[in-house]
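K.L.:
Residue strings, one per chain:
Number of protein chains: 2
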Amino acid sequence: MAEKMVEQITSMDVDFAKWYTDIVTKADLLDYSSVKGCMIFRPYGYAIWENIQKLLDARFKATGHENVYMPMFIPESLLNKEKDHVEGFAPEVAWVTEGGKEPLPERLCVRPTSETLFCEHYANVIKSYRDLPKLYNQWCSVVRWEKTTRPFLRHREFLWQEGHTMHATAEEAIAETKQMLEIYADFHEHDLAIPVVRGEKTPSDKFAGAENTYCIEALMHDGKALQAGTSHYFGDGFAKAFNITYTDKNNRLAHPYQTSWGVSTRMIGGIIMTHGDNNGLVLPPAVAPIQVVIVPVAQHKEGVLEAARALYERLSPHFRVKLDDRDQSPGWKYAEYEMKGVPVRLEIGPRDIEAGTCVLVTRHNREKVVAPLDGIEAAVSERLEAVRAGLYEKALANRERRTYSCTSLDEIKASLAAGGDGFVKAMWCGDEACEDRVKEVCGVGSRCIPFVQEHLSDVCVCCGKPAKHMVLWAIAY
Amino acid sequence: MAEKMVEQITSMDVDFAKWYTDIVTKADLLDYSSVKGCMIFRPYGYAIWENIQKLLDARFKATGHENVYMPMFIPESLLNKEKDHVEGFAPEVAWVTEGGKEPLPERLCVRPTSETLFCEHYANVIKSYRDLPKLYNQWCSVVRWEKTTRPFLRHREFLWQEGHTMHATAEEAIAETKQMLEIYADFHEHDLAIPVVRGEKTPSDKFAGAENTYCIEALMHDGKALQAGTSHYFGDGFAKAFNITYTDKNNRLAHPYQTSWGVSTRMIGGIIMTHGDNNGLVLPPAVAPIQVVIVPVAQHKEGVLEAARALYERLSPHFRVKLDDRDQSPGWKYAEYEMKGVPVRLEIGPRDIEAGTCVLVTRHNREKVVAPLDGIEAAVSERLEAVRAGLYEKALANRERRTYSCTSLDEIKASLAAGGDGFVKAMWCGDEACEDRVKEVCGVGSRCIPFVQEHLSDVCVCCGKPAKHMVLWAIAY
Chain A
-13 MAEKMVEQIT SMDVDFAKWY TDIVTKADLL DYSSVKGCMI FRPYGYAIWE NIQKLLDARF
47 KATGHENVYM PMFIPESLLN KEKDHVEGFA PEVAWVTEGG KEPLPERLCV RPTSETLFCE
107 HYANVIKSYR DLPKLYNQWC SVVRWEKTTR PFLRHREFLW QEGHTMHATA EEAIAETKQM
167 LEIYADFHEH DLAIPVVRGE KTPSDKFAGA ENTYCIEALM HDGKALQAGT SHYFGDGFAK
227 AFNITYTDKN NRLAHPYQTS WGVSTRMIGG IIMTHGDNNG LVLPPAVAPI QVVIVPVAQH
287 KEGVLEAARA LYERLSPHFR VKLDDRDQSP GWKYAEYEMK GVPVRLEIGP RDIEAGTCVL
347 VTRHNREKVV APLDGIEAAV SERLEAVRAG LYEKALANRE RRTYSCTSLD EIKASLAAGG
407 DGFVKAMWCG DEACEDRVKE VCGVGSRCIP FVQEHLSDVC VCCGKPAKHM VLWAIAY
Chain B
-13 MAEKMVEQIT SMDVDFAKWY TDIVTKADLL DYSSVKGCMI FRPYGYAIWE NIQKLLDARF
47 KATGHENVYM PMFIPESLLN KEKDHVEGFA PEVAWVTEGG KEPLPERLCV RPTSETLFCE
107 HYANVIKSYR DLPKLYNQWC SVVRWEKTTR PFLRHREFLW QEGHTMHATA EEAIAETKQM
167 LEIYADFHEH DLAIPVVRGE KTPSDKFAGA ENTYCIEALM HDGKALQAGT SHYFGDGFAK
227 AFNITYTDKN NRLAHPYQTS WGVSTRMIGG IIMTHGDNNG LVLPPAVAPI QVVIVPVAQH
287 KEGVLEAARA LYERLSPHFR VKLDDRDQSP GWKYAEYEMK GVPVRLEIGP RDIEAGTCVL
347 VTRHNREKVV APLDGIEAAV SERLEAVRAG LYEKALANRE RRTYSCTSLD EIKASLAAGG
407 DGFVKAMWCG DEACEDRVKE VCGVGSRCIP FVQEHLSDVC VCCGKPAKHM VLWAIAY
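Order-wise, the sequence lines are chains A and B.
Here the first sequence is numbered in my numbering, starting from -13 and rising by one per residue.
Here the second sequence is numbered in my numbering, starting from -13 and rising by one per residue.
Just chain A, same shape as in the assembly:
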């Protein structure tokens, strides 16, 4: 079959981790550099990120956010200003200690996140209630010196966006935190076709220095969870630590309330592990660098290339289209674009031309439809939407199949043993000791307290004391 003609990739059932790295490298997404955990984003991988940026940036701007750029270096004394924050990040930062052949008077860390930099700037520019809210975002790379690294999922340097906002009231800041989480959730479900659970982290799993951390959690094909985006509410803790004050409407000095929120190139890992299959990558149309590839069949025959080019001209104002007229067999090309996850393939040969039609093949299910050339734009649109909907349904079905509601630790163990890794729903008393014990006994950690709660029982799955929340548990990437 054509699907194995270009490159062999490991089957996901044989070795999921190998299957994953095979896709990363063979679909030309990333290459390794000589620094561990610092990856090279190749054109095809970077183009996915550019599409993600474009879509998210438009959503951020539509909700009143402005882009800025903060320096990449944080002086040690600045990082140290907020106690919880520095405790969380100091163990994993990279330090610059020399510049221009001289030792530096103070170490500078390469930003692992930029709360401290934004706070220093906000202290300068926020003076009056008229200066609020400040709704800033930046696109940049950050560095976290992790021991274990994995393509897209855990880099020492990764690309992301980080929003940092300041508000006059706690209510407004909390509303912002939740608004941004919902933007992430909607982006995942609509544009990336990845269903997510919206929830709040338990206290042990909050961002360093935050009062609340909200998150979206997705389930990968292998039943492991991926934290796909987070949004934090800080109260006025940082504002106090950084002495950010403003004069309110009653002419009194007050501290503003703060949020931050971010998503990263890790989402591309989520796309691979949610939609990919044994033939390679499968891309949701919204972020696919190539949405439609046109492959001429018997391209040496009269009129074929002309017809393919005419189609390219018609489709390219509406879609990201590639015409592949290289001197290779159609089967070889089919395999290449399957590996690269192009959502729709358009085949056109002499018989199609004679009939005034072409063949549209959707990547995720190999479905072929014959479409008249007349009105082809609408047919392609319809196919792309069919891919999006199909990917979402498939991912949702996988998640539902692998979600277990349990009322005892034994039931958790039995469910995971029978159905494989997945999401576990179980009640929790709110005690960190029980959280730890569930992980120790069943192997699954708390992912979040879902916004949408279910009442599975009155008592904690672990200790039997009264339950406070239903928690979502899983093994996480």
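Since the hints were made in silico from the structure, they are not lab data.
Do not rely on the hints blindly, as some may be mistaken.
Treat identical chains as interchangeable: a pair holds within one or across any two.
Claimed, not checked - With a Cα cut of at most 30 Å, we get these calculated DSS-like pairs of lysine-lysine:
{"id": "1", "residue 1": "Lys192", "residue 2": "Lys235"}
{"id": "2", "residue 1": "Lys40", "residue 2": "Lys308"}
{"id": "3", "residue 1": "Lys22", "residue 2": "Lys411"}
{"id": "4", "residue 1": "Lys308", "residue 2": "Lys113"}
{"id": "5", "residue 1": "Lys133", "residue 2": "Lys67"}
{"id": "6", "residue 1": "Lys120", "residue 2": "Lys40"}
{"id": "7", "residue 1": "Lys87", "residue 2": "Lys425"}
{"id": "8", "residue 1": "Lys210", "residue 2": "Lys47"}
{"id": "9", "residue 1": "Lys380", "residue 2": "Lys210"}
{"id": "10", "residue 1": "Lys120", "residue 2": "Lys22"}
{"id": "11", "residue 1": "Lys22", "residue 2": "Lys87"}
Following the hints, position chain B against chain A.
P.N.:
This is chain B only, laid out in the frame that chain A set:
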């Protein structure tokens, strides 16, 4: 007058350097961070950069270039691979020596430029002539630990793009080098309204490791030169140092030929110093975050805000428009948008509404025209083009007034003393000693050997030996 109502800025005649930094800070472009030379790009300053990126990125993609992202860290051994390159950059890099609480086994420098990283990757991915050309670009920040820093013009961390390409032949690589220089030149002249001289650097001023460096040079309002973009041809020197080989059509192993080219946020400094005036910033429409600001006059009167909003709705699909309906006087708003360099101001009040007109004021020359609301889109377009053309003419006239053709060192000194700093055209023998002597005696360094040569005399302006080139000299930022 309204123009001095919002913020006072130093007049450029009194203190050009102070005038410059006043604009940078008071037009809300940059803020200082606690690390010297690492600046904060505020929303208005960053929006100019985003517009520059959008325009240049489209030109790069239209000429077949693809974006990638390389890691920010270069191991010391990798930086050391090309002798001239490391000699040029090692003295001004920042070194990471610790990561995750451990000393690193090898120092990593924060990229000052990424030739070495691209070469390491190219050695992996270029195997056959079918893999050529490789036309890659990246948008990122780079770090150079400079002693003297200045907003936009010389940061320790700055934003830029760096193109890095590989070609099968020297001719193709040289053509690429020149094509990219022409894209930079055309972008400056058309979009930024900054006239530039295209030329080649003298050998003493080439990029570290390059065979040829081409550049565009612009003349600032104060008669000093700004190198606004460079494009380098490397031959196969780096390819040999990094062992990049490919199999050519005749099945022989060969080294590819390389280029790199870059422009940076320094261009924003060029915009300020070319177009700015004593009332603040003046922005060329192509990159202005706000192209048209609508200021309602007597906005409390019936119908005024409605008419202003209707205009906003009509204009915003075509231009970057802002409606300022804050509770401030029109004069106060005029001053603010003059400071911020908004190209066109649209005033609308009760009398205008009655007459079915509005007033359009162009920032650079304060020209007012009354325009019928009917067809206002075309009138605004015409005004924006008038700003662009007006800015270019003014900048060109300044450059011409300050360009001196000289045939002796005494004449250079006398011209600069009489007319002020500027471009000097003078013949040169090609000897570095003469280059140094001109700088020592007259204060002007060689900027480039312009592509468009003039024959001013047969002999070198310095030593009297036969001349090889006409060189452009100036004091440079």
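K.L.:
List, from low to high, the hint numbers that the structure doesn't satisfy.
P.N.:
Hints 1, 3, 8 contradicted; others consistent.
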